[in-house]
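Chemist: Chain by chain, the residues:
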Amino acid sequence: MTTTATEGPPRGAPPEMPADFDAVYAAQYGDLTVQLYAYFGDRQEAQDVVQEAFCRALRRWSKVSRYDDPVAWVRRVAWNLAVSRWRRSRTALTFLRRQRPHEPHVEGPDTLRIELVEALATLPPNQRRAVVLHYLGDMSIAEIAERENVAVGTVKSWLHRGRTALAVQLNHPEARRV
Amino acid sequence: MSDPLTPLFDDLRRRTLPQVQPPGTEAARRTVHRRVTVQAATLAAVVMVAGGSYIVAQRDATPYTMEVVASASPSTDLWRGRADKAEIAAALVPGFTHSDIMGEFPQDVGMAADAGRYRLRVGCSGPAPLPLTIMINGTVDRQETIVCTDAGSAREFELNVLSGGSVRVIFGNQGQFAAYALKLSRI
Chain A
1 MTTTATEGPP
11 RGAPPEMPAD
21 FDAVYAAQYG
31 DLTVQLYAYF
41 GDRQEAQDVV
51 QEAFCRALRR
61 WSKVSRYDDP
71 VAWVRRVAWN
81 LAVSRWRRSR
91 TALTFLRRQR
101 PHEPHVEGPD
111 TLRIELVEAL
121 ATLPPNQRRA
131 VVLHYLGDMS
141 IAEIAERENV
151 AVGTVKSWLH
161 RGRTALAVQL
171 NHPEARRV
Chain B
1 MSDPLTPLFD
11 DLRRRTLPQV
21 QPPGTEAARR
31 TVHRRVTVQA
41 ATLAAVVMVA
51 GGSYIVAQRD
61 ATPYTMEVVA
71 SASPSTDLWR
81 GRADKAEIAA
91 ALVPGFTHSD
101 IMGEFPQDVG
111 MAADAGRYRL
121 RVGCSGPAPL
131 PLTIMINGTV
141 DRQETIVCTD
151 AGSAREFELN
161 VLSGGSVRVI
171 FGNQGQFAAY
181 ALKLSRI
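Chains as they are written, first to last, in my numbering: chain A, 1 to 178; chain B, 1 to 187.
Calculated from the structure, these hints are not laboratory results.
These numbers were taken from a predicted model, which means no experiment stands behind them.
Treat the hints with caution; some may be incorrect.
Said to hold, decoys possible - Only some residues are given here: those of chain B computed to face chain A with a beta carbon under 7 angstroms:
| hint | residue |
| --- | --- |
| 1 | Phe9 |
| 2 | Leu12 |
| 3 | Thr16 |
| 4 | Leu17 |
| 5 | Pro22 |
| 6 | Pro23 |
Unchecked claim - Pairwise CB distance ranges (calculated):
| hint | chain 1 | residue 1 | chain 2 | residue 2 | range |
| --- | --- | --- | --- | --- | --- |
| 7 | A | Gly153 | B | Asp150 | 53 to 59 angstroms |
| 8 | A | Arg60 | B | Gln21 | 22 to 28 angstroms |
| 9 | B | Asp150 | A | Thr122 | 52 to 58 angstroms |
| 10 | B | Ala50 | A | Asp138 | 47 to 53 angstroms |
| 11 | B | Asn173 | A | Asp22 | 27 to 33 angstroms |
| 12 | A | Asp138 | B | Asp114 | 42 to 48 angstroms |
| 13 | A | Asp22 | B | Pro4 | 36 to 42 angstroms |
| 14 | A | Arg60 | B | Arg119 | 24 to 30 angstroms |
| 15 | A | Arg76 | B | Ala115 | 40 to 46 angstroms |
| 16 | A | Asp68 | B | Arg82 | 30 to 36 angstroms |
Claimed, not checked - Derived, one-sided and incomplete: chain A residues facing chain B with beta-carbon distance under 8 angstroms:
| hint | residue |
| --- | --- |
| 17 | Thr33 |
| 18 | Tyr37 |
| 19 | Ala38 |
| 20 | Phe54 |
| 21 | Arg113 |
Each residue gets a CB set at the ideal place from its N, CA and C atoms; glycine is no exception.
Using the sequences and the hints given, assemble the complete structure.
Modeler: Written out as structure tokens, the structure reads:
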């Protein structure tokens, strides 16, 4: 048989029908972007990665839409893209961070949000992924362990260390500027 | 004790979501369309280069002068029909089980079938008529051509499978660029 996934199912399909691409996109694009924004610290980069993941899903939607959880497929691709992009740009980001002048923080409604994203950026990638998936992806420890292909205890350790480091960063923001 | 980080992340989500501007599903479709077109053009270029090399090699190997007929200019519309033709075809066959866009080769879709009567529904959208051959347990049952249009069209065929085996639908490559979707259901 020589068929490949190319498109989505008909719109307005009954529940047993494959997932509708437009509906999945509308429901998930924002949440996925927020998760990856927390991971990257760059909203545009996060949007690009999520859009790319949806493009890849669309290309094989007739298969993906029949999975038990098509959203999980899109999320996995988006995160894989994010991780590989992060690895590529890590060196450049580190350099840019070192070059960036320390501007005084202006207190405002978004200060804590920015501090949280900045604090996340100081975590090692695996801890950061675990924290983001847990708090923003609403994934359980077991689900993260399965996704990351590690033991549940490892994820617990990542989360514990991540929480501790975030608490230190948020209580003593000057620590991350050293 | 509640987790003090939870409200921080909730706030991050709540404040970031309104700033997210999705490019949209149409942008995704255009991206996929463009990539497929580039892939097809690249494949065509590779085939042409390989074919040209073969002709040159054959000519050089021939002891007498042979006139090489110039090949036809490459098709400039390697991708024809509507960008959403695959979706149009799929929409014509609710619950479709197989779908694809015809390339330069025939496509063979095989499905297991017990003895009984079946309805085969085939939807297509595209610029070219889509010839198909239906085989039941290895024997040609019928040959038909579906008149594809950009707006999409569908045909139904009733099949009688006398003994358990398979139903195969072979699409001819004359239907290149046509998108199809099909479903075999028991009557």
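Chemist: Among the hints numbered above, which are violated by the structure, and what are their numbers in rising order?
Modeler: none
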